[in-house]
Structure formats: C-alpha cells, structure tokens
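Top line first, the protein sequences correspond to chains A and B. Numbering-wise (the working numbering), the first sequence opens with residue 713 and increments by one. Numbering-wise (the working numbering), the second sequence opens with residue 13 and increments by one.
The hints are simulated quantities; they were obtained by calculation from the structure and are not laboratory data. Bear in mind the structure is a predicted one, so any value in this text is a computation, not a measurement. Treat the hints with care, as some may be off.
Derived DMTMM-like pairs: lysine to aspartate or glutamate, alpha-carbon spacing no greater than 25 Å straight-line [claimed, not checked]:
hint: 1; chain 1: A; residue 1: 753; chain 2: B; residue 2: 72
hint: 2; chain 1: A; residue 1: 753; chain 2: B; residue 2: 60
hint: 3; chain 1: B; residue 1: 101; chain 2: B; residue 2: 60
A short, non-exhaustive set of chain B residues, derived as facing chain A with CB atoms under 10 Å [what the hints assert, rightly or not]:
hint: 4; residue: 35
hint: 5; residue: 36
hint: 6; residue: 37
hint: 7; residue: 44
hint: 8; residue: 50
hint: 9; residue: 136
hint: 10; residue: 148
All C-beta atoms in this analysis are idealised placements derived from N, C-alpha and C, irrespective of residue type, glycine included.
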Amino acid sequence: MISKIINMAERIKDAEDRLLESLFESAPVVDDGFSVNIVRKINRRLWVRRLTLPTAALIGGAIAFKPLAGLTAALSNLSVLIPQDLISGAASSIPQLQTVVLGAILLAVGLFSVRMLEE
Amino acid sequence: MTASEDRDLVARAVSGQDTAAFGELVRRHQSHVRNFLRKLAGDYTLADDLAQDCFMHAWDKLQTYSGRGSFIGWLLKVAYTTFLQSKRKSKRYAEILESAGRVADQESRSTVLPVDEITDLDKFLSVLTEEERAIMVMSYACGLSHREIGDATDMPIGTVKSVIFRGKEKIRNSFDIKDHQHG
Numbered sequence: 713m714i715s716k717i718i719n720m721a722e723r724i725k726d727a728e729d730r731l732l733e734s735l736f737e738s739a740p741v742v743d744d745g746f747s748v749n750i751v752r753k754i755n756r757r758l759w760v761r762r763l764t765l766p767t768a769a770l771i772g773g774a775i776a777f778k779p780l781a782g783l784t785a786a787l788s789n790l791s792v793l794i795p796q797d798l799i800s801g802a803a804s805s806i807p808q809l810q811t812v813v814l815g816a817i818l819l820a821v822g823l824f825s826v827r828m829l830e831e
Numbered sequence: 013m014t015a016s017e018d019r020d021l022v023a024r025a026v027s028g029q030d031t032a033a034f035g036e037l038v039r040r041h042q043s044h045v046r047n048f049l050r051k052l053a054g055d056y057t058l059a060d061d062l063a064q065d066c067f068m069h070a071w072d073k074l075q076t077y078s079g080r081g082s083f084i085g086w087l088l089k090v091a092y093t094t095f096l097q098s099k100r101k102s103k104r105y106a107e108i109l110e111s112a113g114r115v116a117d118q119e120s121r122s123t124v125l126p127v128d129e130i131t132d133l134d135k136f137l138s139v140l141t142e143e144e145r146a147i148m149v150m151s152y153a154c155g156l157s158h159r160e161i162g163d164a165t166d167m168p169i170g171t172v173k174s175v176i177f178r179g180k181e182k183i184r185n186s187f188d189i190k191d192h193q194h195g
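Looking at chain A on its own, in the form it has when it is part of the complex (with noise of 0.2 Å):
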C-alpha cells in the first residue's frame, strides 16, 4: 500500500517536470547495423572462445610429446629392474590389467571431450 501510494506520488508530475521531460527527449537513434554489429562481434568472440581450448590441448600436447615419450623410455628402463615373479605375480591376479588401463585412459578422455563439447 505505501508502495503504491510511493509510485503515486512519483506519477504526479508538476509542469517543471513536464517541460524538462520534453527539454531532456531526443529523436530516436537509428540502429544503422549497430545491433548487427554487435551480435557479429559476440559470435566471433565464441568461436575464438571455442577454438582456445583445443588449440592449447594440441600446442600443449605438441610440446609435452617429446618429454612425454623419453619418461616412457625411461618408465620401460626402470621396468627391467622389476623383479619378474613380482609382475607375473600380478599380471595373474588381473589377468586383463592392459585392457583396464588402456579403458581407464578412454574414459578420461572421452569424458574430457564430452565436457569440452558441452562447453
């Protein structure tokens, strides 16, 4: 109620107000492709949004390659000095431990593109 009586009185406007209303309006501007513009300018900036992600996953994964691959070489060096008992010894407990990895692997990275789709 006080509210509506607030908004009331803010409505009843004297003649300074009207004159100031009609000294303060302006012609309408025209749009002159500025909405056409901006909508250009906001889809470019998610496409350049979109790209970024992946381009750094490729430049990033092009540059831990090499580094990557000789901590494998060394990871395979080190294997050697695995007693063998011990990996036979697990390999015979689960017998598709490679395939779990390699599945394992997928699923993260399915998962990670997925969200990056949905992104």
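Mind docking chain B on chain A? Use the hints.
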C-alpha cells in the same frame, strides 16, 4: 516492447547462448542506451564506442539480470558503469601523459562540441555534476522510476530524489527554463 518479452529474450539468450535473441534486445534498446551515453559523454563517437562496450559487457553479465525491475534499467546500469570505467581510464591516461611532460588535451578535445552544435540541453547539462547529469538523464530522458535509478546507480531512493531536486534547482538558478520550451 513489453517487459515480459524482454525477459523471454533474456532467458533465451542465457539458456541457449542465443545471439539472435540478444541481437533483438540490442535492437530494441540501442536508441535509449546511445542517447543516454551521448548526453553523458557529450561526444557522439565516444558515446557509440561506449555503447558497443556496454552491450558486450551486458552479454557477459546477462545471467546476473534477475528479472526484477526493467531490463532497460539494468542495461543503463551497465552503461553507466562502462562510462565511469572509461572516464577513470582516460583520467589515468591523462595523468600518465602529464607526468611524461606532454600536453594532455585529448579529453577536452573529445568532449567539446562545436559552438553551433551546442543545444539548450547541453547548456543545462553543463551546470550539473556527472552524477546529477546521469540521474537527470535517466529520469527525464529515459523515464526510469526513482527505484530503477536507485538500482542503476546503487543509491538509496532518498538520495536519488535529493540529487534530482538539487539538479532541478541548479538548472532553475542558472536558466529561466520557461523560455526554453522548444529547446
């Protein structure tokens, strides 16, 4: 142009990143925003650049529009913030130029209109402070309610009212506004 249509367009733009819906919002409100910034900045080119920035910021912050109050009120808040930020930046730029020993006349060059283009409204606005100018333009040119102006400027309604009162008084004391009915 209804408020519910605006809200639908905002919802479409936010939920589906629908740029066409946002484009429609820009088309509907660009005139108000550009007129507001033109009156505030006093320079059409600068005002139009600021209007572009304003709509880009609006796109980024669109999800923060709660639907409470009019969309144009929210948009003018973004426009006013954009204007203040640009003003702060150009002030800092002028300070850097001055400290480097150069003449920082860029600001005055960009805001002064040629004498024959100065209207009665420009004269009225020149006696007001930046804050008073923004609030008077929101009230008399854009037709925003005191509450909407309060939301846009982060001021209590009482302060908005007193700023308008002060602004009117300044104009009244500086000019005989009855003589400018067709200004």
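Against the structure, the hints come out as follows:
1. A:753 <-> B:72: holds, 12 Å
2. A:753 <-> B:60: holds, 15 Å
3. B:101 <-> B:60: holds, 17 Å
4. 35: holds, 4 Å
5. 36: holds, 8 Å
6. 37: At about 9 Å, which falls below the 10 Å cut-off, the nearest Cβ of chain A leaves the hint on residue 37 of chain B intact, so it holds.
7. 44: holds, 8 Å
8. 50: Cβ of residue 50 of chain B sits 8 Å from chain A, so the hint holds.
9. 136: holds, 7 Å
10. 148: holds, 7 Å
Checked against the numbered hints listed earlier, the structure breaks none of them; every hint is satisfied.
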